[in-house]
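Q: Single-letter residue listing:
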Amino acid sequence: MKKVLLLLSMVALMPSGAGVLAAPAAAAPGLIEQAEAARKEADALGFEWRDTSKLIKSAKEALDKGQKEESDKLASLALLQSKAAIAQAKSTAKNWKMMIPK
Amino acid sequence: MKSSGIIAAAAILMLPSLGVAADQSAAPKAAPAVVSPAAKGKAVANDRNKGNCLACHMMDDGEFPGNFGPPLSQMKERYPDRAVLRKQIWDATVKNPTSIMPPFGKHGIMSESELDQLLDYLYTL
Amino acid sequence: MKKTIQRRLLTGALVLMTALVTKPAHAVNYQALVDADVKKFQGYFRKEFPDVKFEDYGDGVYALDEDARKQWKEMEEFPPYELDVEAGKALFNKPFANGKSLASCFPNGGAVRGNYPYFDEKRKQVVTLEMAINECRVANGEKPYPGFKGDLAKVSAYMAYISRGQKIDVKVKSAAAYKAYMKGKAFFYGKRGQLNMSCSGCHMEYAGRHLRAEIMSPALGHTTHFPVFRSKWGEIGTLHKRYEGCNDNIGAKPFEEQSEEYRDLEFFQTIMSNGLKFNGPAARK
Chain W
1 MKKVLLLLSM VALMPSGAGV LAAPAAAAPG LIEQAEAARK EADALGFEWR DTSKLIKSAK
61 EALDKGQKEE SDKLASLALL QSKAAIAQAK STAKNWKMMI PK
Chain E
103 MKSSGIIAAA AILMLPSLGV AADQSAAPKA APAVVSPAAK GKAVANDRNK GNCLACHMMD
163 DGEFPGNFGP PLSQMKERYP DRAVLRKQIW DATVKNPTSI MPPFGKHGIM SESELDQLLD
223 YLYTL
Chain A
228 MKKTIQRRLL TGALVLMTAL VTKPAHAVNY QALVDADVKK FQGYFRKEFP DVKFEDYGDG
288 VYALDEDARK QWKEMEEFPP YELDVEAGKA LFNKPFANGK SLASCFPNGG AVRGNYPYFD
348 EKRKQVVTLE MAINECRVAN GEKPYPGFKG DLAKVSAYMA YISRGQKIDV KVKSAAAYKA
408 YMKGKAFFYG KRGQLNMSCS GCHMEYAGRH LRAEIMSPAL GHTTHFPVFR SKWGEIGTLH
468 KRYEGCNDNI GAKPFEEQSE EYRDLEFFQT IMSNGLKFNG PAARK
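For the record, the sequence lines run as chains W, E and A.
Read left to right, the first sequence gives residues 1 to 102 (this note's numbering).
Read left to right, the second sequence gives residues 103 to 227 (this note's numbering).
Read left to right, the third sequence gives residues 228 to 512 (this note's numbering).
It is possible that some hints are incorrect.
[To be verified] Listed below are the simulated SDA-like cross-link pairs for lysine to any residue, each with C-alpha atoms no more than 25 Å apart in a straight line:
1. W:LYS60 with E:LEU174
2. W:LYS83 with A:ALA413
3. A:LYS267 with A:LYS410
4. E:LYS197 with E:ASP163
5. A:LYS394 with A:ARG234
6. A:LYS400 with A:ALA413
7. A:LYS274 with A:ALA295
8. W:LYS97 with A:LYS394
9. W:LYS94 with A:LYS274
10. E:LYS152 with A:GLU441
Since the hints were made in silico from the structure, they are not lab data.
A quick note: this is a predicted structure, and the numbers were derived from the prediction, not measured.
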């Protein structure tokens, strides 16, 4: 009984999730996760670009096929697009009146 | 600049033939045809998902050019400094914040190497 | 001495508080602000195209280019949208399961194009004709029509057709209406998409110029003639379908039919055409 209780308390004190036992690489968000998070932010601002979700989908498919380099290339592009879209949203919100012809 | 040109040329020599007219009677395993950087640049210019320059500019022998922007000719005279032209195509809004010209480099519409090839082509006009 | 100062301070504080909670002597005249915008906007086109008559802006690009106008006039002899208008009429009068029909929701036999879009002060949102059509259906137990094309566009085409000639006179009377108007205005002028373009770029500064073989239509008159039978689509489509296509073209993720963004944009664009007449449906390249 005591052993069981000791074991249970150890488990309870461990950080939740498999993080402790998992390989270190899984702890940091990969390119695809980063791209998807940024895409969501751009979408929330109403400035998501047309092809970003397609790129992320292709990146996932490439990863499933074991094409890591191709997947990284696509995810990087999706991340670039999302970051640029977020910057564009902020710039447009600030500067759109400049576009009104005199 | 020069070394990247040599690397580009070497890379191009490694590519399979891009359908450039070759001697049809040659053996199947003939050496691949050389595609100049300028020819690659023309392909970038005419790709609707990349340069798509004819949408807005009169350029070379292109049909039905648009007239949003000036004709792309005498580029050596108009842009003697290649770096200036490169910056303009990379992001035209730096010089003119309301410019309608897409930021081809900043927005990832073409890669840095594609932009270099495009410049090679533009400087032949 | 101290008591007088205290009383004066108290009185002053009361006056200040009263002033802050009651309506100010002159409320903001939103309509005047909007009218000033309209004047500036329409003045821009008058200056850019001095030979184009104001009334002709409802014909879009055909008001600017003589060759295109000739081809379009020929198309209008057998308008490609005629069958859609007939189909729309049938749908307008077709009974729902509960016995009512679209005709039950709209007065004047459905000739109400001139009433839309308008700002619904109660619900604090822009109401468009297509939105009203689908709200009628849903209120009567029917499924809403899918967006962009098909039956929705056909019914809208019929209602536009029988309303031809009605004047555009969209009002902005409240802070909430003005807020929606400003959202539409910001959308119209704001750069977006991978190509970093704004509606105003192509349709104001570069109106009349060629994009490859296409001529850019002027923004003045943009919403007068919808829905549109577009040759490129091979069918009739709504204004929001055109918005979708344009956003897609510039590398931006489009919004949905009757999204708040597109309704606010339609609101702004229609206001900018105040004074013109509704002349839909229309045929376009």
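Q: Quick one: which hint numbers does this structure break? Sort them smallest to largest.
A: 1, 4, 5, 8, 9
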